[in-house]
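Protein chains in written order, with numbering that gives the first Met the number 0: chain L, 0 to 359; chain G, 0 to 359.
Bear in mind the hints are in silico, worked out from the structure with no lab data behind them.
All values reported here derive from a predicted model rather than from experimental measurement.
Cβ atoms here follow ideal geometry from the backbone N, Cα and C, with glycine treated the same way.
Incorrect hints may have been included.
Facing chain L, from chain G, some residues (calculated, C-beta under 8 Å) [to be verified]: (1) 84; (2) 336; (3) 359.
2 protein chains.
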Amino acid sequence: MSSDDRTRLAALLEAVHPLHAQAMSDAEQRQAQLTKPAGALGVLEPVSVRLAGVQGTCPPRPLTSPAVAVFAADHGVHAQGVTPWPQEVTAAMVENFRAGGAAVNVLARQAGAEVYVVDVGVAGEVSPDDRVWVRKVRAGTADLSVGPAMSEDEALVTLLAGADVARELVERGHDCLLTGDMGIANTTASAALVAAFTGAPVGEVTGHGTGVDDATWRRKVEVVAAAVAALGGAPDGPAADPVEVLAAVGGLEHAALAGFVLGAAAARVPVVLDGMIAGAAALVAHALAPSVVDHWFAGHRSVEPGHAVTLAHLGLRPLVDLDLRLGEGTGAVLALPVVQAAGAVLREMATFDSAGVARK
Amino acid sequence: MSSDDRTRLAALLEAVHPLHAQAMSDAEQRQAQLTKPAGALGVLEPVSVRLAGVQGTCPPRPLTSPAVAVFAADHGVHAQGVTPWPQEVTAAMVENFRAGGAAVNVLARQAGAEVYVVDVGVAGEVSPDDRVWVRKVRAGTADLSVGPAMSEDEALVTLLAGADVARELVERGHDCLLTGDMGIANTTASAALVAAFTGAPVGEVTGHGTGVDDATWRRKVEVVAAAVAALGGAPDGPAADPVEVLAAVGGLEHAALAGFVLGAAAARVPVVLDGMIAGAAALVAHALAPSVVDHWFAGHRSVEPGHAVTLAHLGLRPLVDLDLRLGEGTGAVLALPVVQAAGAVLREMATFDSAGVARK
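All chains, please: the whole structure from these sequences, using the hints.
Structure, rendered in structure tokens:
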């Protein structure tokens, strides 16, 4: 790794501050005065407190300009037959995102979120425009089953590119960042990251992705298990430096997403995570700077079994649980209204005193 | 019961048609062509199919003008000390709804839904306006622990008033109806209805409501158990005619809500149910016209234990599960974006053919 990039990484991690204690305390006190039984709004209450802590103000500001960044990349492990989908689908889906026809576009329009696509490693050619950013580090990873997916330098550069995307979106005025992803075979790399960072057995964190049959699933487990074993290290934790693990078995979108969710936290902007791919990337970021997890909301729980393991490891409760397994950011976008609603409760609800309602 | 009201009830039940089979089949076929792996949008897919079936068209029309009706009433069983909250809070909360300061107002503004309040039995005086409708049948129920909560005539008249509210809201252009409720002590009446209609043990369906202590909870269970036992009948099913059960142990808001969710179905307008109180009322409607349940979406799962029993009995999966236990319609309003998003998927997503994306 170049010493300049190492310095930039250190500065990024240093910029992840703890949540704002006074804002959180104010939010808790305000919740107790609102016209409802204590705790009756369930998870909305801690979500509102966390939002105040991330923004450093109570009540939290409304999230009026959310943006989802869909990081797209290809995977050399595709050659091992871990998915029935052709690799070309990654680039074709980038065009579908550009045209506004993919699921994440539809759900983002419903939720009032902007969609950006960031090519950090699509194998095919992608043309840039205002909403499709080309930050390609390499045209897809190498096959993680025969060697490292990328060099540590590439992993670090891609991570920093993801952090830059977060910074640039915040500079454009976006006040809530949602993670998205696209990359045929990316659940394979995700399973490897989850196994490496959580220590969970490979068979328990490897899923059926876009819908592979049992024979393909067994092949996928073998590939992931061999890659994770090659990392060495203790069975109950990461084998080595997080960037080394990321380079060995991750994807370019994982690297960028890890930087993205660190960069958002450094800018004190809340993050809504999507599912399995985002979770795997979040494990990398969490290993680098454990307190970063406090700045995030888990949008949903994916059907992919590794995702529940990931959420438990990170201590995050999903806001939506609807058997999604699509990625793209769909679960994050579906959860966005819940986060917005939690903040609105603190800003807009009457108190017992203001409304003249008797307490028990 | 007057024969005229009996005739109106029969006409209402007759107007609940089955879902539109062709629209549902069209929706299923369209789901299979959209640019995503089959099933990858999880629960959004059957929600979209149901929405097409309720509206009788595919793709379903957007839900651009949702409305939540908060039915408010008081409960004679309050005299038994089943809650620490004073009865006057019901009327005070009606004024909080009118002023826009309650949780349901805040969440409805976030979701773009209008809030109407319908007084069907508040003990205090309520002034009508364009959004606060006074359809009071009596000023609160009698104490269900010493006799029927209301007469069967009153139950039927209130049920028909709820159906009228649904019809009037649809005539105003509202295209999705959400249930709301307010009434101190209404979880007691709800638990009695749930036990009566599902046959579940009273101790398993009676919860801590707005947060009662253990002694109050035990008192609540005794009261509910005695009322349910007085109904007679088999332990695994309703004791008698649904309207008779409703009159014996229900609340005026339960009666109105039962009519409301039947009236919406008769108008082919989708319903999003809130939690425990809505669920108890839904059991009445379901007992009267079993197919009505197909027109509903379960907004959320309440912490109240009787609600999970209710959802299982009705065969509904909650769209949101965030430990809410407030009522008012808050869980329904939080779930509304999920229903809207499901419909948008069918209207707006590209197909594999239109987007030029290869299939596996």
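Which hints from the list above does the structure break, by number from lowest to highest? none
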